[in-house]
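Please model the entire structure based on the sequences and the hints provided.
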Amino acid sequence: MNKRQILFMLCIAVAVGLLSRCSNRSAAAADPRGNAFADAASCAQCHKAVYDSYASTAHAHSSAVAGGGTVKGNFNAPGNVFHFAGRADVVMEKQGEELFQKVMVDGKEAARYPFDVVFGSGRKAQTFLYWRNEQYFQLPISWFVPADGWANSPGFPADHPKFDRVIPSTCFGCHSSMVKVREEVKGVTITEKFAKREMIAGIDCQRCHGPAAAHVDFHTENPAAKEPHHITLMDTLSRIQRLDACALCHSGLKPLYKPAFTFKPGDKLSDFIIPTVPFPQKPTQLDVHGNQMQLLAASQCFLQSKTMNCSSCHNPHVTERTNMQTFSQRCMTCHEPESPQFCKHTGKPSAVLQQNCIDCHMPALPSGSITLLANRKESPTPDSVRTHLIAVYEELVKKMD
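Letter by letter, the sequence shown follows residues -29 to -1, 1 to 372 in mature numbering (1 follows the signal peptide of the UniProt record, and there is no 0).
To be clear, the hints were calculated from the coordinates, so they are not data collected in a lab. Just to be clear, a hint being listed does not mean it is correct.
Okay, the calculated beta carbon distance ranges per label pair [said to hold, decoys possible]:
no.	residue 1	residue 2	range
1	Gly78	Gln300	49 to 59 Å
2	Gln300	Arg94	16 to 26 Å
3	Ala1	Cys305	40 to 50 Å
4	Ala81	Gly50	14 to 24 Å
5	Pro3	Ala81	15 to 25 Å
6	Ala335	Glu198	23 to 33 Å
7	Ala118	Thr255	21 to 31 Å
8	Thr160	Asp238	24 to 34 Å
9	Arg210	Arg83	18 to 28 Å
Every residue gets a Cβ at the ideal spot worked out from N, C-alpha and C, and that includes glycine.
Spelled out as structure tokens, the structure:
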């Protein structure tokens, strides 16, 4: 083979390499967040078990494009009607693949609004958005699992349906992985404009692990490499960095310097959240809804530990929420039986106490901020949320005796 043939073969090899790399990039570019993000399905190529188990979690279903398979409510009469105290009813209606909330006044249709986006996995509740004139609005009727029926959305009037509550991108920032939005500036007014139903629903792998296109490219080209490259490993982050990653969405709704979508694992939460009026000084004054980080941080378990973080108790890749024994066994890593740190309650055998620490020390408490008025009820029903203030609740102790 002469020099010209060798040079030609080298050029072919380089071109093939570049095309291969471009092919990987084109798959990554399919993600609307940009070239740094991998196609979501690519995670399953190497992490199928984790990918499949995560697909059933509440995080993965925190939002969805509305449809027959994602909206949990009842669309069959008579369970599809919500009656207001005034003259109006709202009827949940299906027309082919489309879903609507139809307003009826004195038996006549006055208006109808489509279900476009779902917020909530349906474990406790779902609320819904409709799109109009490049904006999203919350529908007045939500699905409330404890009542097994439709309910007036939190904060909405009890005597008539309200359809003008604008939903900003900050809500999508914790309920989805991306929403297509642009800002329209007129004078000093900034209005967000959304593309209809263009979003990455749920919280996907890259919201917590960072953009993964380079990671996928590297391991596609180096299948024998076992050490992860170009991806953030939670185990390598400091305690505060791990806490910040969860607190972005689990410390209440706050004004942001930058969109929540731009937060990457390892970033400082203080670089995103605008300081506001201080929270109540007493942890017991914090609402159980949305303040998980503040409640946990006020707990003695957290204060006396140098390492405790959210993943000390939660495995975000699987659904464990009903398994109190699993969570209780994690408590035992610090509160071993027969040790001074074990439960002081003497009314039950040690073996029984080990089965469920959670219902006693982290009870489900009514939220003051999230209440829903169920159909034909005069007073709203609060959503019950498990408190993250780990403590001794004397009333529960008395019930155990």
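These are the hints, each one checked on the structure:
no., hint, in the structure
1, Gly78 with Gln300: 49 to 59 Å, "holds, 58 Å"
2, Gln300 with Arg94: 16 to 26 Å, "holds, 23 Å"
3, Ala1 with Cys305: 40 to 50 Å, "holds, 45 Å"
4, Ala81 with Gly50: 14 to 24 Å, "holds, 21 Å"
5, Pro3 with Ala81: 15 to 25 Å, "violated, 37 Å"
6, Ala335 with Glu198: 23 to 33 Å, "violated, 42 Å"
7, Ala118 with Thr255: 21 to 31 Å, "holds, 27 Å"
8, Thr160 with Asp238: 24 to 34 Å, "holds, 30 Å"
9, Arg210 with Arg83: 18 to 28 Å, "violated, 51 Å"
This entry does not satisfy hints 5, 6 and 9, going by the numbered hints stated previously.
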